[in-house]
Amino acid sequence: MLGYTITQWLFGILSFLAIMFALMVVFSRNPVNSVLYLVLTFFCIAGHYLLMNAQFLAIVHIVVYAGAIMVLFLFVIMLMNLNEEGEPQRSWMTKLIAGVAGGMLLFVLVGTLKGTEQLGLATYGSSQIGTVKNLGMVLFRDFLFPFEIASVLLLAAMVGAIMIGKKEIK
Amino acid sequence: MINGISINFYLLLSTVLFIIGAVGVMARRNSIIIFMCIELMLNAVNLLLVSFSTLHNDAAGQVFVFFIMAVAAAEVAVGLAILSMIYRNVKTIDTDVLSNLKN
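As you go down the protein sequences, you meet chains A and B in turn.
For the first sequence, position 65 matches number 65 in the numbering used here, and the numbering has no gaps at all.
Quick note: to get the numbering used here, add 1000 to the position in the second sequence (first position is 1).
Treat the hints as calculated values from the structure; they're not laboratory data.
Because the structure is a prediction, the values reported are computed rather than measured.
For every residue, glycine included, the Cβ atom is placed at its ideal position computed from N, Cα and C.
There's no promise every hint is true.
Okay, the calculated beta carbon distance ranges per label pair [unchecked claim]:
(1) N134(A) <-> I1082(B): 35 to 41 Å
(2) I1082(B) <-> S91(A): 22 to 28 Å
(3) R1088(B) <-> K133(A): 20 to 26 Å
Next up, chain B with everything else stripped away, as it sits in the complex (with noise of 0.2 Å):
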């Protein structure tokens, strides 16, 4: 228990924040809201993280969370970059049209 909160509502809760997360990858065709899609699976494994380091008493899962943190911020920057390259050079980011690599 977490404040009185089993660890399995918290469990629940990620599972279903992150399957959230997969169907938005692919059910959507825009790059970005794909990419924001990503974050909130990150961010669901980020809250099932802090809450199994709650329980167990170890602040070694919030910094991994802190880490985590870093390297999304890190990917975002990246990321986002490489998009508005891609817009500037194909004036679109649909992921359909993107398909290069099929050929």
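If we strip away everything but chain A, and leave its shape as in the complex, we get (with noise of 0.2 Å):
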């Protein structure tokens, strides 16, 4: 197909909805909206993920972002009522000059990317190193440490989410 391979096109094709996905995020108006183009968005990483052979990585993706953070940001939108009409809109002025910093951002990290042909020259075939299998002995024989503390840390967030957000503090 026009010389490019199938993992090429879908490579386009999710980038191109990754990008318009984010846009949308920023750019719609309701908030409820914003979170389901970002649910989007993350389904089109996941894909990418996919591309590069991390199994585990795209589930887990999908399971945490989609299926839990998106969830609780919809439950917290929904409890406040935001909505389009009360949305609070920044002026012209500022979105312009915010326009401007992110297009002198982009400007910047791409001129310094231009310098990076060599990165891609070594070809390497469809790694093995995402499985579940490989990503789990290398997670539990030298990242156990690392995943013991980020267990205490979970347990750690889940009280204090809980303590902020109870009504009364005795």
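With the hints as a guide, bring the two chains together.
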């Protein structure tokens, strides 16, 4: 197909969709729509993970982000009853300045990345490092202690969120 | 190359996603949208980590992404609890109204 492999087609389509949905997150006026577009962006990024043969991360990404975090966002937005009418808007001047600042950051970063032509030279076959088996071996052999620390962090975050969210602390 | 795709395209994609997140943080006033844009920036970095981990055939990068996801989940839980508490007390999450630290 026009000299491109199916992987390259998939990469192009997924990148286009991810960027479009990310733009819609920023530009849509209704917060609920923003959350839904962010979920779609996360699905596109999970597709990218699959393209790179990182199956475990793709599944964890969908479960954690689209399944847990975004549902939390939706709950909070519906709890606060946010909608399009009450949505605060910055003045067009601030928006213009934000756009120009972002554009200049993009300009600088792309200019920096232009010098990295040699990075993609080495060719690797379809790697097997992203499979559940391989990642599990690495995670529980080399990164066992950070893994346990992460569980303590999640416990602390859970206790902290409940304590902050309580009506009053005696 | 990762399956026929140069790493430069992944660098560009991550850069663009990160900058969209950064512009969102600067251009919006709703705290929850700003929070979501920060998540978008985190995801851009995650994508870059995974692509370099695949390029160098090193699983450590993917384990880092796993840890970043755990930290992001903790961050969102605490952050949304704080936001809902602020909303309960001030009845708004507009960042221009929440400027008590200025005075």
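In ascending order, which of the hints set out earlier in this document are inconsistent with the structure? 3
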